[in-house]
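Peer 1: Take the given structure of chain A and dock chains B and C to it, following the hints.
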Amino acid sequence: MRALDSDLVYNFRRSPIAIISTLIVVICVGAAALAPLIAPYNPFDLASLNLMDSMIPPAFLPDGTAAHLLGTDNQGRDLVSAMMYGGRISLIIGLSAVVFATIVGILVGLTAGYAGGAVDAVLMRIADVQLTFPAILIALLVSGVVGVALPPSLHEKLEVYVLIFAIGISRWPQFARTVRSSTMVERGRDYVLAARVIGLSGPRIVLTHILPNAWGPVVVIATINIGGSILDEATLSFLGVGLPATQPSLGTLIRIGNDYLYSGEWWITIFPGVALAALVLSINLLGDWLRDAVNPRLR
Amino acid sequence: MADVLEAVKVSRSFDVSKPWLQRMLSRSGRRSLRAVDEVSFSIPKGTTLSLVGESGCGKSTVARLAVGLYPPSSGDIRFEGQSLSSARAQPALRRRMNMIFQDPYASLNPRWRVQDIVAEPLRAFGMLRGSAVGDRVGQLLSQVGLSPADGAKYPHEFSGGQRQRISIARALSSEPDFLVCDEPTSALDVSVQAQILNLMRELQTRLGLTYLFISHNLSVIRHMSDRLGVMYLGRIVEHGPAEAIFTEPRHPYTRLLLDAIPDLDAAGGVGRVRAGVGGEVPSPIAPPPGCTFHPRCPLANDRCRVERPDYTQAGPVEVACHAVEEGRG
Amino acid sequence: MSALLDVQDLSVDFPTRRGRLHALDRVSLSIQPGEILGVVGESGAGKSLTGAAIIGLLEPPGVIVGGQVSLEGRRIDKLPPEQMRRIRGRQIGAVFQDPLTTLNPLYTVGRQLVETMQTHLGLSDRDAKARAVQWLVDVGIPGAAERVDAYPHEFSGGMRQRVVIALALCAEPKLVIADEPTTALDVSIQAQVIALLRRLAREHGTAVLLVTHDMGVIAETCDRVAVMYAGRVIEVGSVAAVVHRPSHPYTEGLMASIPALRARVDRLAQIDGAMPRLNAIPPGCAYNPRCPKVFERCRHDRPNLMPAKETQAACWLYAEGAVHG
Numbered sequence: 001m002r003a004l005d006s007d008l009v010y011n012f013r014r015s016p017i018a019i020i021s022t023l024i025v026v027i028c029v030g031a032a033a034l035a036p037l038i039a040p041y042n043p044f045d046l047a048s049l050n051l052m053d054s055m056i057p058p059a060f061l062p063d064g065t066a067a068h069l070l071g072t073d074n075q076g077r078d079l080v081s082a083m084m085y086g087g088r089i090s091l092i093i094g095l096s097a098v099v100f101a102t103i104v105g106i107l108v109g110l111t112a113g114y115a116g117g118a119v120d121a122v123l124m125r126i127a128d129v130q131l132t133f134p135a136i137l138i139a140l141l142v143s144g145v146v147g148v149a150l151p152p153s154l155h156e157k158l159e160v161y162v163l164i165f166a167i168g169i170s171r172w173p174q175f176a177r178t179v180r181s182s183t184m185v186e187r188g189r190d191y192v193l194a195a196r197v198i199g200l201s202g203p204r205i206v207l208t209h210i211l212p213n214a215w216g217p218v219v220v221i222a223t224i225n226i227g228g229s230i231l232d233e234a235t236l237s238f239l240g241v242g243l244p245a246t247q248p249s250l251g252t253l254i255r256i257g258n259d260y261l262y263s264g265e266w267w268i269t270i271f272p273g274v275a276l277a278a279l280v281l282s283i284n285l286l287g288d289w290l291r292d293a294v295n296p297r298l299r
Numbered sequence: 001m002a003d004v005l006e007a008v009k010v011s012r013s014f015d016v017s018k019p020w021l022q023r024m025l026s027r028s029g030r031r032s033l034r035a036v037d038e039v040s041f042s043i044p045k046g047t048t049l050s051l052v053g054e055s056g057c058g059k060s061t062v063a064r065l066a067v068g069l070y071p072p073s074s075g076d077i078r079f080e081g082q083s084l085s086s087a088r089a090q091p092a093l094r095r096r097m098n099m100i101f102q103d104p105y106a107s108l109n110p111r112w113r114v115q116d117i118v119a120e121p122l123r124a125f126g127m128l129r130g131s132a133v134g135d136r137v138g139q140l141l142s143q144v145g146l147s148p149a150d151g152a153k154y155p156h157e158f159s160g161g162q163r164q165r166i167s168i169a170r171a172l173s174s175e176p177d178f179l180v181c182d183e184p185t186s187a188l189d190v191s192v193q194a195q196i197l198n199l200m201r202e203l204q205t206r207l208g209l210t211y212l213f214i215s216h217n218l219s220v221i222r223h224m225s226d227r228l229g230v231m232y233l234g235r236i237v238e239h240g241p242a243e244a245i246f247t248e249p250r251h252p253y254t255r256l257l258l259d260a261i262p263d264l265d266a267a268g269g270v271g272r273v274r275a276g277v278g279g280e281v282p283s284p285i286a287p288p289p290g291c292t293f294h295p296r297c298p299l300a301n302d303r304c305r306v307e308r309p310d311y312t313q314a315g316p317v318e319v320a321c322h323a324v325e326e327g328r329g
Numbered sequence: 001m002s003a004l005l006d007v008q009d010l011s012v013d014f015p016t017r018r019g020r021l022h023a024l025d026r027v028s029l030s031i032q033p034g035e036i037l038g039v040v041g042e043s044g045a046g047k048s049l050t051g052a053a054i055i056g057l058l059e060p061p062g063v064i065v066g067g068q069v070s071l072e073g074r075r076i077d078k079l080p081p082e083q084m085r086r087i088r089g090r091q092i093g094a095v096f097q098d099p100l101t102t103l104n105p106l107y108t109v110g111r112q113l114v115e116t117m118q119t120h121l122g123l124s125d126r127d128a129k130a131r132a133v134q135w136l137v138d139v140g141i142p143g144a145a146e147r148v149d150a151y152p153h154e155f156s157g158g159m160r161q162r163v164v165i166a167l168a169l170c171a172e173p174k175l176v177i178a179d180e181p182t183t184a185l186d187v188s189i190q191a192q193v194i195a196l197l198r199r200l201a202r203e204h205g206t207a208v209l210l211v212t213h214d215m216g217v218i219a220e221t222c223d224r225v226a227v228m229y230a231g232r233v234i235e236v237g238s239v240a241a242v243v244h245r246p247s248h249p250y251t252e253g254l255m256a257s258i259p260a261l262r263a264r265v266d267r268l269a270q271i272d273g274a275m276p277r278l279n280a281i282p283p284g285c286a287y288n289p290r291c292p293k294v295f296e297r298c299r300h301d302r303p304n305l306m307p308a309k310e311t312q313a314a315c316w317l318y319a320e321g322a323v324h325g
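Protein chains in written order, with my numbering: chain A, 1 to 299; chain B, 1 to 329; chain C, 1 to 325.
Only chain A is shown next, with the shape it has when bound in the complex (with noise of 0.2 Å):
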């Protein structure tokens, strides 16, 4: 496992894609994780917003001004902030997301690998079944559904739920996959039979021999996903399905922003969509990255 890690750091110095990549995905993940400390405004308060300074163009542009960097938005939001914030949330949900995914699909994988028969048939069709819908299609449908559902009142409360529910839900087939296959290989080694001869329980032979083995995989993919996640956040955000304007995602002010984008402000929706795309392409070149550098045959 040492030599594993100390094979990696030593990839990873070498590959300035991968040094690129981090350093952009820190400086995306500090600038949210610290937005209420270093952001310039708050553009939740309320009180704070003054609808004579909404559309300030950037600074660098004729009408621009220094107090708002980026310029602001059909509020008075200063953008800047308001990308921290929004970041903030779309890294949030994004990762969330992923990690509930992981979890289903590693337990689904598990069992499905170790149990084998009519349980890994019937598990592994439903994951088949749900591979063959567009994850974003079932991101919508489920989020159209519990829409409906709840009382409008708890909406807003909730919505950060619902989206990372509606986005996990479609993507766990990926992870239980993965973890089915590499269980299915582990399942037949020596060792795993060594712990079966001496008579341990399945679900332990499972959690302490075949999950520490299959984990591999499952930390690439999931690494991939985040970048896809947050892209399905603010997809839905985009279509009106995602966050409410009060709490705004970075795919809510690309939304907003694109209302505005033939009458000439076009900051609005540009900043937040470079800074989209920067942190979604930083994080997949590095899971392609750490694909490659965890994969001995590519080496």
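Since the hints were made in silico from the structure, they are not lab data. Every residue, glycine too, gets a C-beta built ideally from N, C-alpha and C. There are no misleading hints in this set.
Rough simulated footprint, nothing fancy, chain C against chain B, three-plus residues with beta-carbon under 8 Å:
no.: 1; segment: 152-164
no.: 2; segment: 196-203
no.: 3; segment: 220-230
no.: 4; segment: 247-259
Peer 2: Just chains B and C now, with coordinates in the frame of chain A:
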């Protein structure tokens, strides 16, 4: 001497059918493979019974049946007179048998430290607690020729031979009486193989162990065995004291095997003229009728093609062969 | 008679970030036309690597860092890949452990034989087809006339290896490199395949470099044998001398540790310890920490092959003026 393990007409079939859905669509039935076919043997305490045969002969399935990894499809395996199916239910009896595997790179969990690997049976059976576990692990590692300090390392830090020693230490940790050794040296180099074989014999003498030893290597078998069973397509075709079989092989398949071993004595001489036995092992899914060896057998006649041979006593050895029974061998 | 294949001081390194590993260290071998040379050693000794380096199929990051390989007096270790590929088909055939790495699953075995012969021998379609059938007969495939149109997956493991042998020999190369050709096969099939390889090599006057860990196979098949240890050739000699009267203490230990089929002993002779990993090869003779006859010189001077009893051995016991022999 009392028998530690006894197998009585043990058979084991495996379902090799296609998945349910495909079977329904193509309207084909279930197919099964009879990996082990009415195998009987007994192993007296403190001795080694070896099973030899080529791939697909069912010897590894017998190994797994003997430690209860599979239940037999029919027949019975008894551990000190008690049926294994009930014995497996009792940890007190399960503790007394263990297994050593072929591939030392696959039989140790790569994410576990050696001390945890060796201590796993101790913990599983609740035999020791706390610091006593560490002491016992150190003692076990010394017993197999490693240092107690090696316990803190991971398996990848060891060579193949050392890993097999770790495997043996794990197998011995619950103080078993009976060990199943499934090709324990076939993944090792010869000089290391000698170390492991010597160690296993030393431990047998010192601890009074009983072995079921599985191998395809006849030289290793000869070195290790008291009794020997030769397997072909799921059946034991010849069974008796190892020395008797090696000095006078009776079954045509045993003779073929012994003749096929490339021999060191051949060095420099003219290549040995081999008996003209060719052919390959048929698929165990559709074994030939009668004696399953008849398509490759130089002595086969019409009876062999239809009637399955029963065991004939020939000296100290039991042979399943019509030719031997009729005195044609 | 000049050697068909001559390998001089061949060294292969594997650069890793923890330093260069010397996987082959000044290996020298030669094979006469029609001779079968065995290369034997434990896993990691460098025997397969030697075969791969000779035919230019080193897996990266392995690189040849010294020495030379000559085939019929012509250097082939520095040839461009395209020329090397032509030599591999025409002048050097190859048989590997897993026949499926050599056979193309999409073509019938007949087509593969025909294409190989047409590329290298320029035969007409009819001649090539007839010869392909004849080759399958020669390697003992029953019903060769029909089986020539079968695909590799329709053959059993032993039969596939026979097809590979036919494929390796059909372009009539002068040398065949066989790397563990029988290791994946069952005991009773091994003997058949070994006998076949030996017979065909003799009939066609093909030289064979047979890489294996099985001393029994070596003893039955080879004329001469080279023993490798930790990336070096430590003993070379006639097969009878190396097997029965070895000079190098390692070869002695190796032979004694093989359980005999004809008799039973109470305890096998064993060599303690294990072959060093490539990153921890001791100075001097690589075998010195395990050697029962070690003396001072072995610990810091590296021995080269020198005449020793009936063989050549890399061992200071046989140095001129040595008092320890």
